[in-house]
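Take the sequences, apply the hints, and build the full model.
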Amino acid sequence: MVAVDSQGPQDSAVRMFRRERSIPLRGSAAALCNNLSVLQLPSRNLTHFGVVHGPSAQLVSAAPEGVPLAQRQLHAKEGAGVSPPLITQVHWCVLPFRVLLVLTSHRGIQMYESDGSVMVYWHALDSGDASPVQAVFARGIAASGHFICVGTWSGRILVFDIPAKGPNIVLSEELAGHQTPVTDIATEPAQGQDCVADMVTADDSGLLCVWRSGPEFKLLTRIPGFGVPCPSVQLWHGTVAAGYGDGQVRLYEAGTGTLHVQISAHARAICALDLASEAGKVEHCHGECVPDTQVCGARFCDPSGSSFAVTGYDLAEILRFSSV
Amino acid sequence: MSVRTLPLLFLNLGGEMLYILDQRLRAQNIPGDKARKVLHDIISTMFNRKFMEELFKPQDLYSKKALRTVYDRLAHASIMRLNQASMDKLYDLMTMAFKHQVLLCPRPKDVLLVTFNHLDAIKGFIQDSPAILHQVEEIFRQLTETYGGLSAGEFQLIRQTLLTFFQDLHIRVSLFLKDKVQNSNGRFVLPVSGPVPWGTEVPGLIRMFDSKGKEVKKVEFKHGGNYVTAPKEGSFELYGDRVLKLGTNMYSMNRPVETHMSGASKNLAPRTQENIAPNPLAKEELNFLARLMGGMEIKKPSGPEPGFRLNLFTTDEEEEQAALTRPEELSYEVINIQATQDQQRNEELARIMGELEVTDQPRQSASKGDDLLAMMDGL
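Chains as they are written, first to last, in my numbering: chain E, 1 to 324; chain X, 325 to 703.
Think of the hints as simulated: they come from the structure by calculation, not from any bench. It should be emphasised that the depicted structure is a prediction, and the values quoted were computed from it without experimental measurement. Note that the Cβ used here is the ideal one computed from N, Cα and C, for glycine as well. Treat the hints with care, since some could be wrong.
[Claimed, not checked] Which chain X residues face chain E? A few, computed with CB under 10 Å, are given here:
id: 1; residue: S326
id: 2; residue: Q347
id: 3; residue: L379
id: 4; residue: K381
id: 5; residue: S475
id: 6; residue: L481
id: 7; residue: T485
id: 8; residue: T488
id: 9; residue: F490
id: 10; residue: R511
id: 11; residue: V520
id: 12; residue: T524
id: 13; residue: P527
id: 14; residue: D534
id: 15; residue: F545
[As the list claims (entries may be wrong)] Result set (EDC-like, lysine to aspartate or glutamate): computed pairs, CA atoms no more than 20 Å apart in a straight line:
id: 16; chain 1: X; residue 1: K447; chain 2: X; residue 2: E561
id: 17; chain 1: X; residue 1: K556; chain 2: X; residue 2: E525
id: 18; chain 1: X; residue 1: K504; chain 2: E; residue 2: E253
id: 19; chain 1: X; residue 1: K502; chain 2: E; residue 2: E253
id: 20; chain 1: X; residue 1: K374; chain 2: X; residue 2: D384
id: 21; chain 1: X; residue 1: K541; chain 2: E; residue 2: E253
id: 22; chain 1: E; residue 1: K77; chain 2: X; residue 2: D384
id: 23; chain 1: X; residue 1: K423; chain 2: E; residue 2: D292
id: 24; chain 1: X; residue 1: K538; chain 2: E; residue 2: E253
id: 25; chain 1: X; residue 1: K388; chain 2: X; residue 2: E378
Right, here's the structure in full:
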């Protein structure tokens, strides 16, 4: 796995990573894309990890050295249907005044307090105009200001308005821009700076839509795909980083959609991509092969990018790496 | 999950089943005409039009247990019998083989090539029977119609659905261990060398462009793997070079195949707890089975043709031993559908099962059947 990594402008030494102690999971990770969410809580010396197993998701919190402290399992809300509903993604959304944990499934969208203890909101998906052969699900989760945006199977993006506290969450807008199932959503970590474009959404056709958030979201640019899905996307300081089903990573300028960098990064489809928010240049500095494991989730565990975590299909542990 | 996954799962598992049965029939020196009859009967039942119609309807995947019942029926579609232990082993081998194939498919779409590899081999088993050959070619056409136009994203969802079905299955197969395809912990070996998927570039290049789209810089980096360009794409036509070897018959050598039951991976326990607990969806699964097997026309053994028992193990003692030592969490309870208190459903099920009933089918132990019935009554 190549970690799209970052380096501070002064430091020109190549960074190397080594394996650290793994965090055990009660259930193995499902073969989904973006199957790892990380919430850093530096003030409490804790890191939360979220991994989807199947019909359940696992939350585990760990101390700095990877010592597991607490575990919790969440389940997809049941509904009418034949098989137990499967979860598609679990993701922490950091909003100005609170942090919510969002779970998307084949039934709908569940939002919890950040430790997963209380469900504060449930939104059932409307499968109204789905054909019998179409899978119905929600997938793609990101926070944008005081909004949480969630993608759906139809390509529509649901925008939820989140109050500073309490369960009074409201679906405020549905964005049209995609015609195929949404795969991932990313928002600008540096909110409040002079960023016009602060959200990017991706879909199964590889199309990227760049948006400006607000009481009404505005579509700024479309970056067309080229026949392969874009399962994972990030946005940072006006640059879109997208990983594609043919192993390519591409960097675009968010405002114009101009392609700046194209990397033939992997020999298989990219399942997860993350950027460390305190970043500088992008340069390949480390390649790691997790033997005999199909990686399905990857996240940096701190803003400087000095450590990251990885999940793999069928693997009941979270692998951790930190720079030497 | 994708509702288009079942035909691919069923056909590929069926293909593996035929490879294994063919190998065991030869290993056990079953006379050629009897062996051919068994394979013909099974293939003809598998590709029965009504059955295939049910299979291709958009639907969710069912549990491993429910699906096993279908293969149990299929394996007994002819004059051949299998004891529980042999049937268990057969199913283990089938599922681990296809799991391996799905995992190693370079592109999600390549699972269709794997399916075509199985169908190509199946055609080889029934070359002298034009009627069955025609049935199989019909299914080729139906597969092309159903899957030919799907996008990469839809195949990605199908792949994820298949991998969910196979999650946490780590049965060690001695043939895989010997060929270094599987590690001793039950995990499959994932090669990091060889051709890249069709449509993917060999990793190792960073290209930078200016705002006018002109390439201004090229940097190479070491990827860590050892990849080469893919020579050509496999054919999706009725006849053609599939290029991919996954899904071809790896049992063509006369090699005994054992599965390791003891020391099963620790990770198996949490997941299978879900399987053992009473399944509130059993009713839906039974309905599915009834529908699916309603389309399955099992020919009753006609004439004086004597049946025979096939053993997946090298000796009868080994088979007995395997039955005794199979870990509880890996046991497949064969669903024995009999009387229920729902009169209408009872009649319908009894009618379907009556048509399928084979006279000397060994009865399952009373307690297992009772548990299932009690569960059904309680729904």
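Hints versus structure:
no.	hint	result
1	S326	5 Å, holds
2	Q347	27 Å, violated
3	L379	14 Å, violated
4	K381	8 Å, holds
5	S475	6 Å, holds
6	L481	6 Å, holds
7	T485	8 Å, holds
8	T488	6 Å, holds
9	F490	8 Å, holds
10	R511	5 Å, holds
11	V520	5 Å, holds
12	T524	5 Å, holds
13	P527	5 Å, holds
14	D534	8 Å, holds
15	F545	4 Å, holds
16	K447/X - E561/X	15 Å, holds
17	K556/X - E525/X	13 Å, holds
18	K504/X - E253/E	46 Å, violated
19	K502/X - E253/E	51 Å, violated
20	K374/X - D384/X	19 Å, holds
21	K541/X - E253/E	17 Å, holds
22	K77/E - D384/X	18 Å, holds
23	K423/X - D292/E	14 Å, holds
24	K538/X - E253/E	15 Å, holds
25	K388/X - E378/X	18 Å, holds
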